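Colleague: So the sequence lines, in the order shown, correspond to chains A and B. For what it's worth, our numbering labels the leading residue of the first sequence as 1, then goes sequentially. For what it's worth, our numbering labels the leading residue of the second sequence as 1001, then goes sequentially.
It cannot be assumed that every hint is accurate.
As a list, the in silico PhoX-like pairs of lysine-lysine whose alpha-carbon atoms are at most 25 Å apart [unchecked claim]:
no. : chain 1 : residue 1 : chain 2 : residue 2
1   : A       : K95       : B       : K1407
2   : B       : K1596     : A       : K95
3   : A       : K110      : A       : K155
4   : A       : K99       : B       : K1556
5   : B       : K1577     : A       : K99
6   : B       : K1316     : B       : K1160
7   : B       : K1389     : B       : K1407
8   : A       : K95       : B       : K1595
9   : A       : K155      : B       : K1595
10  : A       : K95       : B       : K1145
11  : A       : K95       : B       : K1389
12  : B       : K1596     : B       : K1556
13  : B       : K1577     : B       : K1595
14  : A       : K24       : B       : K1245
15  : B       : K1145     : B       : K1160
16  : B       : K1389     : B       : K1160
Quick caveat, the hints were computed from the structure, so don't treat them as lab data. If you're wondering where the values come from, they're calculated on a predicted model, not measured in any experiment.
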Amino acid sequence: MAEENRAEQMLRLQQAIAEHAHEKGAVMVLLQAAQSIFGHVPQDVQQMIADATGASLSEVYGVATFYAQFSLEPGGEHEIGVCLGTACYVKGSQKLLDKLSELLAVAPGKTTADAKFTLKATRCLGACGLAPVLMVDDEVYGRLVPEDVPGILAKYLGQ
Amino acid sequence: MDLFRAHVLVCGGTGCSSSGSGELIARFESKIAENRLEKEVKVVRTGCFGLCEAGPVVIVYPEGTFYSRVKPEDVDEIVQEHLVKGRQVQRLVYTDKTAQGQSMSLDEIGFYQQQKRIALRNCGVIDPENIDEYIAFDGYKALAKVLTEMSREAVIDTIKRSGLRGRGGGGFPTGTKWEFTAKAPGDEKYVCCNADEGDPGAFMDRSILEGDPHAVVEAMAIAGYAVGASQGYVYVRAEYPIAVKRLQIAIAQAEAYGLLGDNILGTPFGFRLAVRLGAGAFVCGEETALMASIEGRRGEPRPRPPFPAIKGLFEKPTLLNNVETYANVCQIILNGADWYAAMGTEKSKGTKVFALGGKITNTGLVEIPMGTPLRQVIYDIGGGIPGGKQFKAVQTGGPSGGCIPMKYLDIPIEYDSLIAIGSMMGSGGMIVMDEDNCMVDIARFFLDFTVDESCGKCTPCRIGTRRMLEILQRITEGKGQDGDIEKLERLAQNIKATALCGLGQTAPNPVLSTLKYFRHEYEAHIYERRCPAGHCQALLNYTITDKCRGCTMCAKSCPVGAISGVVKELHAIDQDKCIKCGACMEKCRFNAIIKK
């Protein structure tokens, strides 16, 4: 099953390469495609992008490690991002992050041992009107206090 | 074209979408269909209304009734009462906290009355995914005027005379930038738009792209004509998925209408636009770093000169402006340079959009004429500080800016006046802080940001900001030393003088401005081991007051056994043992434990 998925993912990457490799600045575009297809950018994928664009593997690696959006390791099943933008910070988002870190027993930036959650401190999400906010995958939760955190986690643990 | 007797406008900006406006739209559409009103009432998903505090926001026209914090279950009532029977649902109508009364319509709300919306003129008014609505509001008229009636020089002259300055924060005169790029030798030139809005707490560029993307597309085409470029790039943060999607839709629609592509409006001028996504690097807001990123490389800045106007993207002359700057261009072309220059102050013309956030009643987006006093923005438009708390400072300019104290609240907002008091306009984030915010911790917060975002290319920024952060960290942890303040000041001056790009050169500003206006807070941390705002955990003492009933919950929850006491008698905390975890305070049901 996993093998089939991988083959399918590779196919999608090859489509992206066929579509964009000739464009100016293709390395970024293809890394973004790879990140969205695989959820991270493994080394063999970096090599494929290097081969397709004429860049060296070290150049591609350099770009992949420069930007926060690309990760070299696979993440957890759900990604929790606590906004540490200024508006959220002054309204106490650090306390949300501390609470999550405590409940999940994981440091920000890391994935839980059961690979269920990756906890991240994110840059401003631009939802300052709802501060403090956190995001679980694509879902935004706003106007939070630390006591709301266990309830949010429960939603994803039940699955 | 179909005529509707009523329009239901639902905010589809990021803030309101996050609080469920998508569900509201679906519910409105199904309820309207159930009542067979689909030929009479139209539901429109608009861009941001600006008053994010009240979200999700629904406005019903022709009355202009402003419903706030609408929940899906409220939709049935609005449809039944308002749309079927013509009676407003009073309990959902927005209550103006500043006027202490109820406001019925958009125009009557104090938040909007003092604003002047030019860059935001279409946000919350039109459906951003429908080019026809944009055209109905004079869209692409400026492009038509430029292509058929104006020479390149006349366009540049108009922008120059309008006095428009870069809204991304630098404040460089826009017309002059256009002129440099137009005069640069070379056949191949580029026009870029900086939509890599990285300043935490600033979201005007996102709201413009979400609410009125065609205004940016049109302005970029005009810029392309003026400087002689046929290709443009918009560099948008990947963290803004709605903005990216609407921009892509806008570009596709403009292409379909022949407003982008070859021979636009039957003229020889051709212009194409492409979207490039950022990937989470704050430094890419710096122009040379942004171009490196579009080229697919690490977003590291390079020394200037050569400036992008001479040698920019792909080594060609390049014009780079910010989203909000572009959003003013079409209105200047249509209404004339004099109209624009009549607004604002002598050196800062026109209007500026600010994102109000933090400890303020009306969080949201406001657009005001340059020169408006800070006090008016924070108190009259923003509604002041909630919860009866005391104002302490307002932070402008993000990680490059500074904190402005109470005594400067009456200065007019303009580029130069803000720089004179140690802050800057920046992209327009305005974060209000109250008595509970520790200014040393805020400085630490911003340095933590810059250390993380420093690209590492130049030493002053890579190492210098880290040394500053270490000092700030130990001060907030109660380990500050005599001489730390002086060390911070020396490091700050050196980094400002020697860093390669704007990120490093301005990184010390949050520290310098807080040192200037809140030095006593630093001194209290270092010499008295106390945090006046009661924020820094390591400097707080937990004590039990006589509200204690002796329930023993605190003693049981204390992980280090620092609390002693007998059942039904006053308990006490041993300060030497206490690790300041706050567990006792969380458990106490009588609010008997205080920290200070």
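Colleague: Give a verdict on every hint.
Modeller: Cross-check of the supplied hints:
1. Straight-line distance between C-alpha atoms of K95(A) and K1407(B) comes to about 31 Å, which puts the hinted pair past the 25 Å bound.
2. Simply put, K1596(B) and K95(A) have alpha-carbon atoms about 18 Å apart, close enough for the 25 Å limit, and the pair holds.
3. In summary, the hint linking K110(A) to K155(A) is supported, as the alpha carbons are separated by about 20 Å, within the 25 Å threshold.
4. Note on K99(A) and K1556(B): the hinted pairing holds, with a Cα-Cα distance of about 20 Å set against a maximum of 25 Å.
5. The hinted pair formed by K1577(B) and K99(A) meets the criterion: a straight-line CA distance of about 23 Å does not exceed 25 Å.
6. Distance restraint check for K1316(B) and K1160(B): the Cα-Cα separation of roughly 23 Å lies within the 25 Å cut-off, and the hinted pair is therefore satisfied.
7. At most 25 Å may separate the alpha-carbon atoms for a hinted pair to count; K1389(B) and K1407(B) meet this at roughly 17 Å.
8. For the given pair, K95(A) sits about 16 Å from K1595(B) by alpha-carbon distance, which is consistent with the 25 Å threshold.
9. For the hint linking K155(A) to K1595(B), the alpha-carbon distance of about 33 Å lies beyond 25 Å, and the restraint is violated.
10. A distance of roughly 54 Å separates the Cα atoms of K95(A) and K1145(B); the hinted pair therefore is violated under the 25 Å criterion.
11. Simply put, K95(A) and K1389(B) have alpha-carbon atoms about 20 Å apart, close enough for the 25 Å limit, and the pair holds.
12. Restraint check for K1596(B) and K1556(B): the C-alpha separation of about 22 Å stays at or below 25 Å, so the hint holds.
13. A distance of roughly 15 Å separates the Cα atoms of K1577(B) and K1595(B); the hinted pair therefore holds under the 25 Å criterion.
14. Note on K24(A) and K1245(B): the hinted pairing holds, with a Cα-Cα distance of about 21 Å set against a maximum of 25 Å.
15. Our distance criterion of 25 Å between C-alpha atoms is met by K1145(B) and K1160(B), whose separation comes to about 18 Å.
16. Proximity of K1389(B) to K1160(B) is assessed by CA-CA distance (about 44 Å); at most 25 Å being required, the pair is judged violated.
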